[in-house]
Amino acid sequence: MKKTPALLILALAILLAAKPLPAQDGVSRSHAWTTATVKGEGQPRGYVQYQNYCSMCHGEGGGKPGTLALQAKYKGAVPALLEKRTDLTPQLIKTYVRNGISVMPIFRKTEISDADLDAICAYLTRNNKQ
Amino acid sequence: MRVPPGVNASDFAAAIQQLEDAVGKEWVFTSDEDVALYRDAYSPFMGEPEERLASAAVAPETVEQVQSVVRIANQYKIPIYPVSTGKNLGYGGSAPVLSGSVVLDLKRMNRIIEVNERNAYALVEPGVSYFDLYRYIQEKGLKLWVDVPDPGWGSPVGNSLDRGGGYLMPQYRNHFDSHCGMEVVLANGEIMRTGMGALPNSETWQEYKSGFGPWVDGMFSQSNFGVVTKMGFWLMPEPDSYLSGTVIVPRHDDLIPLVRILNYLENTRVSNGMPDLASPLLGIPMLSEFAARFDQGTTPFDRPQDPELAQRIAKSGGLASPDLDEYAVRKGIGYWSAKLSFYGAAKANAANWAFAKEKYAEIPGVKFEEGENYKLPLTPQQREKVHKPQFGIPSLAMFSIGARSAMNPAPSNGHMWFSPIIPRTGEAIFEANKVFAAAAGEFGLPFLNFNLPSCYWERAFIFIFAFPVTRDVETNKKNRVAFQKLIQVAAEHGWGEYRTPPAFQDAIMNTYSYNNHSLLRFHETVKDAVDPNGILSAGRYGIWPKHIRETKS
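Top line first, the protein sequences correspond to chains A and B.
Residues in the first sequence are numbered consecutively from 1, following my numbering.
Residues in the second sequence are numbered consecutively from 1, following my numbering.
Isolated chain A (complex conformation) (with noise of 0.2 Å):
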């Protein structure tokens, strides 16, 4: 998750305030303050925080609710991933990650802010036709 500058600054003092862990390399690892998401670096934002969020339900591979729903709701009429429609709009996208839909819960702003959800949209709209 981004940070603004301040905040770095902030976990950067946490950080230097902690009391410094034993290294002993190959036999104990300590690691702090950190975030753990998907960094997929050189990737644009929309991708990493559609990994983050949403793949887990709408990737690829078994056991995913978000795939299997859409499957059987259009069997084969558009993708069932939505990484591969050409037809959203970002207008629907936002319906959805704001009001849920079926089992699909609301994302809150503290989880996918609106510049996410942007970013989001543009990368699942990235392949439509103009």
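Calculated from the structure, these hints are not laboratory results.
Among the clues, some could well be false.
Listed below are the simulated BS3-like cross-link pairs for lysine-lysine, each with C-alpha atoms no more than 27 Å apart in a straight line [as the list claims (entries may be wrong)]: (1) A:Lys84 x A:Lys73; (2) B:Lys143 x A:Lys73; (3) B:Lys331 x A:Lys84; (4) B:Lys385 x A:Lys75; (5) B:Lys25 x A:Lys94; (6) A:Lys75 x A:Lys129; (7) B:Lys143 x B:Lys331.
Which residues of chain A face chain B? A partial, calculated answer using Cβ under 7 Å [as the list claims (entries may be wrong)]: (8) Met56; (9) Gly62; (10) Gly63; (11) Leu68; (12) Ala69; (13) Ala72; (14) Lys73; (15) Ala77; (16) Pro79; (17) Arg85; (18) Ser102; (19) Val103; (20) Ile106; (21) Thr125.
Glycine included, each C-beta is placed from N, C-alpha and C at the ideal position.
Using the hints, position chain B against chain A.
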């Protein structure tokens, strides 16, 4: 803008201003559109006046900001309702129990403070999700597993405080039991650390649970006595190998020795993963098969039956009959099965499975099936095949229960679980089925031919009865009435629920009534002492602050 109960609009406006000063304007949510995001997506009151709604939300990023929020709430007597990641779906989500409360959204406190590989523990903030912690451990290549719930949404802090569970060895499976040390912001804004954390410069906060003197950690779970801002967890070192094997027994009454021996094996740590009961005869799959069933386009509740069997069941008028036993034996279909899981050294797993077979040999006609046998870590191909939570991998596959599928073209809008704790015996499983099948008939609820426990605490079963949540007010009303009745039926049989959505917390707390509700009265005494203004999570798990208790009575 909605105003909290008992607070006047000008005080609330002043408080909001101060909250904005404390955490930043962009992290105080007051518009209808933003506050609506805190609705419980699985609320059984959706669209009814009783739906629990927030008045506002505030999202601090640091413990100091949490302290400020609590102090402001105290100054203006504003009810606040902390949530960790707000994904306690089916148990209230991110909505408060008391309408008009300000949700204290801790999602932004998402730091993994420490993961120690050598001594296998983590210290995290409430906004860290299971996926966050799992990815972090993977990224660093640490040989540690996190015991995840199923579905694996939510956070270690939130799930353990609500006393959720997982699948790994017994000492990790109960998520609250596997925690070690807390940091809590009390209602007066003070920070307290529990266990060894109370010792300044402690070197063992995440390694020795109880510290010195009374061990108070339990008071912050399923309660409203403080805001937990950090929590330690014991993690499971990655085992050398995983082995599973299935024990299959032929007759109805064999469930009793099947469970009795299972308990012995698990309590002596011969087997050490979550056991998995099923009924090949009745078509009840193992929990570990659910995700694969969804992927195959069917559901775990789709139980096609041989016409001869259906006829015999109808004729027997029940599931316990020599006629059914004869059918099961003749067809070679086990009546019941139990999958045992073994985490450990490959040779030890094999020896433990062999010993389990010796113990089960006392059941006439018992058969055994060899299962999975993996050297860990799993290969990417194996990862795709397995039931992920049994390998400490978070997955949302279980959300397919209720989601749209070929078998379920009209999906629900969520679910809630009626989940009483019953003894870990075969007799109790039979008795619970008898009692709840009769109750379901009486209250017009669907009940499958037989329900097996879906979760296994170390010494008890959770018997789960699923209720869909819909957008139809009448259906939801009917289900709520039935849920309330089941609470009473369970209590009459000595079974109490382990966890429940806010809609039923008062009713269930009311069944824990020994000696004129002495336990609840103790909770209330504590509540009044530690939170005299009653600002924290009013009503959570049936504990109400004094000023609201007085109004209610």
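**Message:** Leu68 of chain A was flagged as interface toward chain B. Is the shortest Cβ-Cβ separation under 7 Å?
**Reply:** Given a least distance of 6 Å, the restraint on Leu68 of chain A holds.
**Message:** Given Thr125 of chain A as an interface hint, is its Cβ closer than 7 Å to any Cβ of chain B?
**Reply:** Hint on Thr125 of chain A: violated, closest Cβ of chain B at ~22 Å, above 7 Å.
**Message:** Between the alpha carbons of Lys75 of chain A and Lys129 of chain A, is the straight-line distance 27 Å or under?
**Reply:** 22 Å, holds
**Prompt:** Is the straight-line distance between the alpha-carbon of Lys143 of chain B and that of Lys73 of chain A 27 Å or less?
**Reply:** 40 Å, violated
**Asked** Does the structure keep Lys25 of chain B and Lys94 of chain A at a Cα separation of 27 Å or less?
**Response** Distance ~23 Å between Lys25 of chain B and Lys94 of chain A Cα, so the pair holds.
**Asked** Close enough to count: is the Cβ of Lys73 of chain A nearer than 7 Å to one in chain B?
**Response** 6 Å, holds
**Message:** Tell me if the straight-line CA distance from Lys143 of chain B to Lys331 of chain B falls inside 27 Å.
**Reply:** 45 Å, violated
**Prompt:** Should the interface hint for Ala77 of chain A be scored as holding, given a Cβ-Cβ cut-off of 7 Å against chain B?
**Reply:** 14 Å, violated
**Message:** Given a cut of 7 Å on the nearest C-beta pair, is the interface hint for Pro79 of chain A held or broken against chain B?
**Reply:** Constraint on Pro79 of chain A not satisfied, violated at 16 Å.
**Satisfaction of the Ala69 of chain A interface hint, Cβ to chain B closer than 7 Å** = Because about 4 Å separates Ala69 of chain A from the closest Cβ in chain B, which is inside the 7 Å limit, the hint holds.
**Request:** Below or equal to 27 Å on CA atoms is what counts here, so check Lys84 of chain A against Lys73 of chain A.
**Result:** 16 Å, holds
**Request:** Double-check Ile106 of chain A for me: the hint is only fine if its C-beta lies closer than 7 Å to a C-beta in chain B.
**Result:** 5 Å, holds
The structure fails to meet hints 2, 3, 7, 15, 16, 17, 21 from the earlier list, while all remaining hints are met.
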